[in-house]
Each structure stands twice: as structure tokens, then as C-alpha cells.
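Peer 1: Chains B and S supply the protein sequences, listed in that same order.
Under my numbering, residue 1842 is the last one in the first sequence; the count climbs by one each step, no gaps.
Under my numbering, residue 78 is the last one in the second sequence; the count climbs by one each step, no gaps.
Careful, some of the hints might be misleading.
DSSO-like cross-link-like pairs, simulated, lysine-lysine; straight-line CA separation at most 30 Å [unchecked claim]:
| id | chain 1 | residue 1 | chain 2 | residue 2 |
| --- | --- | --- | --- | --- |
| 1 | B | K1495 | S | K35 |
| 2 | B | K1497 | S | K35 |
| 3 | B | K1660 | B | K1466 |
| 4 | B | K1684 | B | K1713 |
| 5 | B | K1466 | B | K1338 |
| 6 | S | K35 | B | K1078 |
| 7 | S | K35 | B | K1660 |
| 8 | B | K1794 | B | K1614 |
| 9 | B | K1466 | B | K1327 |
| 10 | B | K1660 | B | K1713 |
| 11 | B | K1794 | B | K1831 |
| 12 | B | K1829 | B | K1794 |
Hints are computed from structural coordinates only; laboratory data are not their basis.
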Amino acid sequence: MSSSISLIPALESLVYSLVPASINDEPLKNELVGHCQEILTSRIGQSHEPDIGHLADLVKRQLLQSSPSGTTALKFTNLLSRLLDQPVLSKKHASIQFLQSLASSRQPSSSIPFLPSLAPPPPPRSSPLASPLEKPPVPLQPSGKSKAERLREYREQSGRPHLPEHLLLRDTLYLLQGISGKYVRLPSQSDGNQLEFMDNARYVISTPTKALIYRLSEVGYLYSRVDAFVRKREESSGVGMIEQSLCHHLQIKLTEYYRLIAVLESQMPPVETSGEGSVANLREQETGLTLRRLDVWINEWRLRMRMMSVCVEGARESQGGALVNLIHSYTDNGDPFIRKFTDQLLEEVSKPFFSTLHKWLFSGELYDPFNEFFVAMDPSLAHVQYMHPSSLTGNINQLAGDSFISPDQDDPRDRRGGLTIWQAKYRFQQDMLPMFVGEAFGRKILSTGKSLNFIRYSCHDSDWVVTREKMSNTGGSLKYSDISGLERSIDAAYSTASQRLFDVFIEKFKLLDHLSALKNYMMLGHGDFADQLMNALGSSLTRPANTLYRHNLTATLETAIRSSNAQSDPPDVLRRLDARMLEYSHGEIGWDVFTLEYKVDAPIDTVIHPDAMFKYLKLFNHLWQMKRIEGTLSRGWMRVAGGARTTFLRLPDLEPSWHGIRITMAEMIHFVKQVQAYCQLEVIECSWKVLVEFLNKREGDLDAMIDAHRTYLDRLVKKVLLLSPKAGREENVMHQVKGLFVTVLQFQDAVENFYNFCLTESTRRDQKLDSDRGLYTGPQDPNSSLDENLPRLLQPVNDYGSQFSEKVQSLVAALQTHPDLDCRFLGVRLNFSDYYRGKQQKEKEKERAETATPK
Amino acid sequence: MPLQESDRIASAQQTLDILYEMSQLLNTQLDKETLTTCVRMIESGVNPEALAVVIQELRRENIALAGRASAVSLR
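Construct the entire structure; sequences and hints are all you get.
Peer 2: Following this line, the structure appears as C-alpha cells:
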């Protein structure tokens, strides 16, 4: 160093002025100058960048410490600005630093009376590394020796000083990044969760410091977990979108964390080698990083890391909506910091969820490659579409001919009802539903998407959906932070989709027409048609079932339609009407197996599904029986009533029998009429009214429509068939009614026989009269005698008549205890003016009288 | 030239004054003369922190000497 030579005079003058004793002491002066030169050529403080602003800050802080009023600091600022204006000095920064070093080095021993607690305690680290020059003065300042200092000295002497803090600091920064340091190591896999402190014979790490490092290392541990998770997910494929989004967010947070670590590292005091002066050390302590400062800095991150780690833990077990749920469960927190963090996280994480939701809600498409949405598609139904119903092409007339065959020829594998598709194609997954949506809204969302999907693929109305989708795109996107907006859009989408679905069903697919056709034909609402059909078919239905042919039946059906008002119904309805026979066994006759059928196809079969169709068939069967009884009775009545005026005048002795028959028949007619009126007016029409009202209101979705129809049909079945809810005895009453029908038919047969006999008898009497007058009318039939045949013929008539009466009586009794009010009312009507009870009482009285007379 | 020279001297004087004031503020206990020497040394390229150490060392030395002297005199 050449400049050192030129420095000697200056140094000499310094020595002279500061150590006056040296003026007279040549060797002392030389020693001091030499020593000073040594110091100057050493490397103290060479690592600093000239930064006057930083320096000024340090000085001001120092000044504020010594005089908190701030006047000195202000003064210093003034002086500094004035100094900066001066052109003379080239190294103002250096000068100020010189002053500052000098000043700060004086702080600890400064004469200003600090409170002892406020004075920064001398750092333990300075001792072991203190320069040899520092040692001699120590014993000379006995007043500045605190207990801590004595302890430190003791340790020093015993050869186990504390590990310098800056080394620990460096290690801790490593720990924060999940890396083992030199003195503090992360636990290896095998030995538990304890940090390993590598304190050796030379250095000791004090217990408080260890505790502090433990606290800090928690962040490092959490960091390494989060980091490992993110890395693992990045590498593996098939990770759900929500999880990917979570990883992305975590990665951003980690990058922030890296930034913090980098800043902290730049604040760390430079790695000092031993043998350095305490000045720099002391200064660094004022400005640089310490373990405690690190703790403060990292404190916020500790919380954040904990949250992240919890999310990561949750992500291991759950995915998709469940994961969103998990995160959402942390938003209900009183701590605004946690709330903000989770809100942010959720906003980020729920983005893919909302994009899926948007697609589902506005276009009815489920785009969910990782099964994360709370609506899941049944994979087996994914490709099933409706068969293209021929009616949709509009060519009704052309297809009217072959329409009767089509459904039977379909491959049964592909024949999935619309209802199956509607109900099973998309499933609701409760655990995937984010809580902030709520279950009611979740159901609405499911229904909306389903409706759109249905309109699009099953009703072939994709144009409308596409238009809607375009419109919805202008409405802004769905976001977690805008839950109320989300609910609004869900509501809007739901009502629009449902409305549209209703429109499509009612206007395009004429649901109402089909329903009323079912009512008119299957439930014999068209009375004239039913009568025509009965007349046309009656004779052939009495034949054995195996002699009936379907083409005959369908032809008869055609005739019945043409000859009744039914011909004015739309052809689309009529072509679906079909007559066929149920599977028959040996011995059954036409009446048992004949049935009308009404065919519906997609997408109407979503509402009128096969199960419902089966119920319709059951209803038809019952009502058709009733119609048959009614027809039989009215024919019989006509004969009996007409015969009274013509045939029977000649048989006055049989008049009382006929009178009895007429009374019984009137009772039967009353019964059938009441039951029919009950079915048609009180059950069918009332239920129909409810259904139509619902359909006109157009509220709810397809599910509601299906439900309404189901309720309607169930009510019909229950009331028409007089089913009772009692388990095991549901059909008791119905069997009674059927038994009554059979009795009526048997009675009718017996009456027929008796009528025929009467005809024969009157003819015989005519002949007898003629022969009495001398006219020959052919050979006499001696066998036929009134007296011997009459009981044989009248017996069954009377038997069946009283049997009927008894059966009605027990039916009425059963109906009176029926749980259904309408059925009970039917009982009242059958038992008008207590007819049957009166009869019962009369019989009882008679019995009583009979038992009384012998006495 | 002379005018400029006098200007220079004046401003140098001012600078020194300012620095002195600062040093007083910071309680460095340097007199004006020593400060001038130090500033000159710094201007010529001496490391300020090292210089500060030097000053401290010298002071300490001085106190030690004085102590020894007083001890001697007391004895």
C-alpha cells in the first residue's frame, strides 16, 4: 500500500493529539503509529456499498434513540443537506460513515444515562470473536459489567461459548427453505420430529435460542410439505382441475415466500470471519437480521403456511367439490387474516368449478373430465340418445300405417325409457357440492342443466339452447365472491330452462293432447266411443281367447273410431291407439284378455313412462269390465221391461217372479251406475282438473311434471280400484267388486234362461189356446210342464239375486271403514237412505221374530 | 483565480464547520483539529471505519496510559 507512507504524518498528528503522552515518548509513538497502520490496512468495513441515504437513516435512528424529541435528528438532516451542497469533499459518504462509526461505537459506553433495560445488551456473539485488542480494556471498565456479561465470561473461560447468532441465522434461513444447515439439521426420516442441533464441544446453543429456532423451523417444515405436494401434483397426471388450480395458487404463494426469504437473506449480516473488530458487529446488530426479527418477519407466513398445509392435507383425501368445501369451511373464521387468505384461495380454487358450472348451467353440457363437479354422469347412459320419434319429422300421415309395429321391433337393449335417461343419466353428488352453493340451489342447478341437456338432445331443440348460451355469455361470469349474483343467475337460468321445457312438452310434443287421449280412450272418457266399441266387439269377445285375431280387433277398433266422435281427434293421437290381447292362458275368453293400448314415444315417455302405462292398462281393464256389466244389464233390463208388456201378459202367474227380478236388476243397475259415476266424476275428472291446473301454471321442472303425472295416476289407481293402504289387504275391496261383477253376469245368465223358458211357455200356452179352439198347431210337447221346470229355473235367479245383495252389503260395510274419504263416500252412495242397513235390520228382526214364535 | 481560491477555502471552511457540528451532534468528542486531519485522511482514501477503529484504539491507549500514570503517581 503506497498510500500508507503518505499517511504517516497524518497518523502522527492524530497520535499526538489523542495520546499526548506520546509526544515525549518516541517508541510509544512509533508503536502506536505502527498499530494504527495495521488496523488501516486490515479489511475492516470494506464490504459496504456507499449509500448515503441508508447511512443517514442509521444516524437518525441513533440520534432518535439518544434524544427521542427528534430535534437532533432534524438538525442532522439540515446539516447533511448543507454538506451535500458543498463542493469540496469528494467522499462525503465516507466522512459521515466515519463519524457514525465513531458515534455508534461510543453508544454502549456512552455517558448518557440510559435506563439499563433500554440499553441494548452486549451481544454474546461479540465476545468469542472479539479482537485481541478489545480484551485488555475490559477489566478496566468494571462498572459496565452486567451479570450476563459475567456469565458470558464464565462460559468463555470454560471453553464452551455460545454459537454465534449469525451462523444460526444462516442455518435458520436454510431451515425455512427446508434445507438442513450446518449446525441445525432437519430430522432425517428415521428419527422422529426433533430438530438435530449439532452443538459440539466448542459451541453451545442456548435453550431459548433453540426454542426460537424450533418456532421458526415449523415454517420450514410446513413449507417442505406444501412444496412436496405441489411438485408431486405437477408431475403426476390425472389430477383434477380444482386441485391443479389449488397447486397453482400454492405455487404463487410459495413464490411470494421465496421473495420474502430472498429479502431476508439480503438483510442478513455478511458472513464475518473471526478476528474482526466489534464496531461492525455492533452496527449490524442495530440494522441487520437477528433470529428474533426473523421470527417477526416470518410470523404472518407461519399462519399462511399452516393454512396451506391444512389444504394440502385435505387435498390428499378429497377432490373436486369436496376440496372446495374443505377450504370453504375455513372461511367462517373470526380472524380477518385467515378469512382473507381463505377467501383468496377459494376464489382461485373455485375458478374451474365455476367454469364447469357456467357450462352446465347455460348450455347443459357437463364438462368435467376429472369427476369433480357435483353432477355426475352415469357412464353407461352417456351415449344413449332417444330414438328419433317419427312424429317429430312431421310426416304423420305417411307413417300412420306402420306406426303400430314400430315399438315392438326395437332392440330391447336400446329401449331405455325417457324416464331412465332423465332420472339416471345425471346424478347428484352430495359430498361434491360446495357449501356456499347450498343444497336447494344445487338441486336447482342439477335440474337446470338436466333440462337444458334434455331439451338439446332428447327434444332436438339445440338451437334454442345455443341461443341461450350466447345470451348468457354477455351476463358476466360466475364468481365465488359474488354469491348473491350467482344465486340470481341460477334462479334465472332455472326458471328459463323449466319454462322452456314446459313449452316444448306442451306445445311441441302436445303432452296435454296425449294425456287427454289417455283419459278419453283408456279410461273410457269418450262414452260414445266406448259404447260403439262394446257393441262391435261384444259378440266376438265372448269367444275363447285363442280364436281372436289381432287384425280383427284393430279393424273393429277402426270402425268404432269412425262411427263415434273420436274421429275428430287429431290423427297423431288416433294412430297411437291400438287394440291387442294380453297373454292368455287356456280357457280364457275374449273379455279377459282384450285391452286397448296407447303408444307414446320419446320424449313424452319421460312423463308417461312404461310403469305409468301399465297402470293405465290396469285401469282400463277394470273400467272395461264395468262397462261390460253396464252393457249387459241395460240389455237385460230392456228385454225384461219390454217383455212385461208383450210376452208376459200371457203368463200372469209368473208376474210376481218377474217383479222380483226387476227389483234385483234395478238394484244391480243402481250399483253399477253409482260405481261408474264415482269413477268418472269423482275420481277421474277431479284428478284431471288438478293435473291440468298444474300444467297450466307451468311451474317447476320436468321432475315436477313427472311427479304431478305420477300423483295423478296414483290417485286414479288407488281410488278407481278402491285400494286400501293396509298391507296385505290392498285389493280386498277390489276383489269384492269383481266378485259382484261376476255375480251380476251369472244372474244375468240365469235371467236369460228364465226369459227363454217364459217365451217357450207362452208359446205353449198359445198353442194350447189354439188347439182348444180347434186349430192344429203341431205336436204337443208333453214334457214341458210349468210346475216342474219353474223351481229349477227360478232357483238360480233368486240365489244370485240374494247373493248379490249380501255381497253389496259386505262391500258397503268394507267401504264404510275405508281409509279413503272418497271411497267411504262411495259406500254412502251405494247404501243410499240406509237401504242395506235397513235390510240387515229387517232380516235381524225377522230372525228374532222367527226365534220368538216357537216359544 | 485568487477569487476562486478564496472561495474554495471558504467553502472548505464551511464544510469543516458542518462536519464539526455533526460530530458534536453525534457526540464523537473530536476536536476540530483532529477532525480536519481525519477528513483529510479519508479524502485521501483511508477506510472510514478503519479510521474510526484507530481513533478508538488511540483513545483507549491514552486512557490506559493515563491510568497507569495516575496509578504510578498515586503510588
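Peer 1: Work down the list of hints and note, for each, if the structure agrees.
Peer 2: These are the hints, each one checked on the structure:
| no. | hint | in the structure |
| --- | --- | --- |
| 1 | K1495(B) - K35(S) | violated (106 Å) |
| 2 | K1497(B) - K35(S) | violated (110 Å) |
| 3 | K1660(B) - K1466(B) | violated (65 Å) |
| 4 | K1684(B) - K1713(B) | violated (35 Å) |
| 5 | K1466(B) - K1338(B) | holds (7 Å) |
| 6 | K35(S) - K1078(B) | holds (18 Å) |
| 7 | K35(S) - K1660(B) | violated (134 Å) |
| 8 | K1794(B) - K1614(B) | holds (20 Å) |
| 9 | K1466(B) - K1327(B) | holds (16 Å) |
| 10 | K1660(B) - K1713(B) | holds (27 Å) |
| 11 | K1794(B) - K1831(B) | holds (17 Å) |
| 12 | K1829(B) - K1794(B) | holds (17 Å) |
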